[in-house]
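Asker: Please model the entire structure based on the sequences and the hints provided.
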Amino acid sequence: MTIKPPHKPLVPGWLLVVLTGLLVFGLGILASSINERRAESKVARVQFLQPLDEWESDPAKWGVSFPRQFISWESTRDSARRPSFLSEDIGDYLAQRPELVVLWAGYSFTKAYNKPRGHYHAVDDVTRTPRVDANTPATCWACKSPDSPRLMARDGVEAFYASSFDHYRSEITNPIACLDCHDPQTMALRISRPGLVEALQRQGKDVTRASHQEMRSLVCAQCHVEYYFQGKEANHLTFPWDQGLTVEDFKQYYERTGHVDWVHAISGAPMIKMQHPDYELSRAGIHAFRGVSCADCHMPYTSEGGMKYSDHGVRSPLMNASTACQVCHRWSEADIRARVLSIQSMTRTLLSRVERVLVEAHLEIGDAMGLGATDAELEGVRHQISIAQMYWDYVASSNGLGFHAPQEAARILGRAIDLAQECRLETQRIRARKGELRPLEMPDISTREKAQAFIRPYLEVQKAAAAGE
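Under the numbering used here, the first residue of the sequence shown carries the number 23, and numbering increases by one thereafter.
Simulated from the structure, these hints should not be mistaken for lab results. All clues given are correct.
Simulated restraints on C-beta separations:
(1) Pro461 with Arg312: 46 to 54 Å
(2) Gly457 with Gln265: 38 to 46 Å
(3) Ala432 with Lys133: 29 to 37 Å
(4) Arg359 with Gln443: 32 to 40 Å
(5) Val349 with Glu444: 42 to 50 Å
(6) Arg176 with Arg224: 21 to 29 Å
(7) Arg150 with Arg460: 40 to 48 Å
For clarity, every value in this text was computed on a predicted model and none was experimentally measured. Where a beta carbon is used, it is the ideal one built from N, C-alpha and C, also for glycine.
Answerer: Written out as structure tokens, the structure is:
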């Protein structure tokens, strides 16, 4: 008879005890996490300690019921909370990049062009800039204050746009804040500016059908976009989105409508000044492709006392990488920062190259004019320099220094260089036909003051010509 050895259990008893303990521990962690998420969801239940009027524009009154959001919004007054490329309080772009003075000769941006500050400073900054004068329309208030939609509702949108900037100066006191993006009765995100609604309608889109995640970008697209004032008297705030959001779409739009922002004082070229197409450029980037909203990075969710809320201290994600970046990117803060700054550094290098070529192109066209070239002869090169500078400005005027869409920014700047160099080659041919074969000697514009002194005679000639019309 064969005696069978005793049957051994597949799992030793001690191991079974350990596995059971780990399972119980894991379930406990899961239950704790679920309870924490439920606690965080309390933010969705809006509780007003103080009712708000339909057009309440004072953020402090909103802060009574929403103190965390209000306190974080107040932090936008602190200009030091920015990465290295935006470290100064009021950085002077013209002093840092004097070429801009020549690029904008004949336009108000040659008077002042400072680095952006937080939403808290919006009213203060627009009222202090020397670009505002007696001829400035009230349209310039449109994106600076929640008082603007309140006054549009009271006086009518068209009447608001057609008024002067000074007409509303005493009534606009609150900087960009709560009412700009939220319904005061429900706290739901909403669009308060007609410019965006009208632009989407022309595309056949209904903003009321946008998802909550889409709205977390669209509320930013009310202002962080390219726009112009349509009509010399109406000054209607208009987005050139009819063909789409790319720089080529804008080129087609402006060529079709014939809109011109100003005539360049040196080259005589009809120019377009891009504003800040942050939303448009970001649509071409990987974050937008993956459904990431502006607020996900610039107003990341945070938790305090078991409450989850969106941080309203709108700023560079680099200043809060743990909640803005590391939620998705499993890199160290140092690695994230290095990655972002490397993209911005490369973009800055490309921008500088384009700026030098654009300056040379404007000056060479101006020289051809002095040699006797006619408007008919110069029409082509003027169009080329206008488009080249618009392409450059699409990237240059956008916040983020190319980070929102690095490949698209590099593509656009590469095309800008091509267009500007093609313009220069054709201008050289025109100069040669007028008997000038020598290259043009470039002036010393190494400082803001030198650049402004250089363009001054051209501005005086342009002003005298306008007065004589």
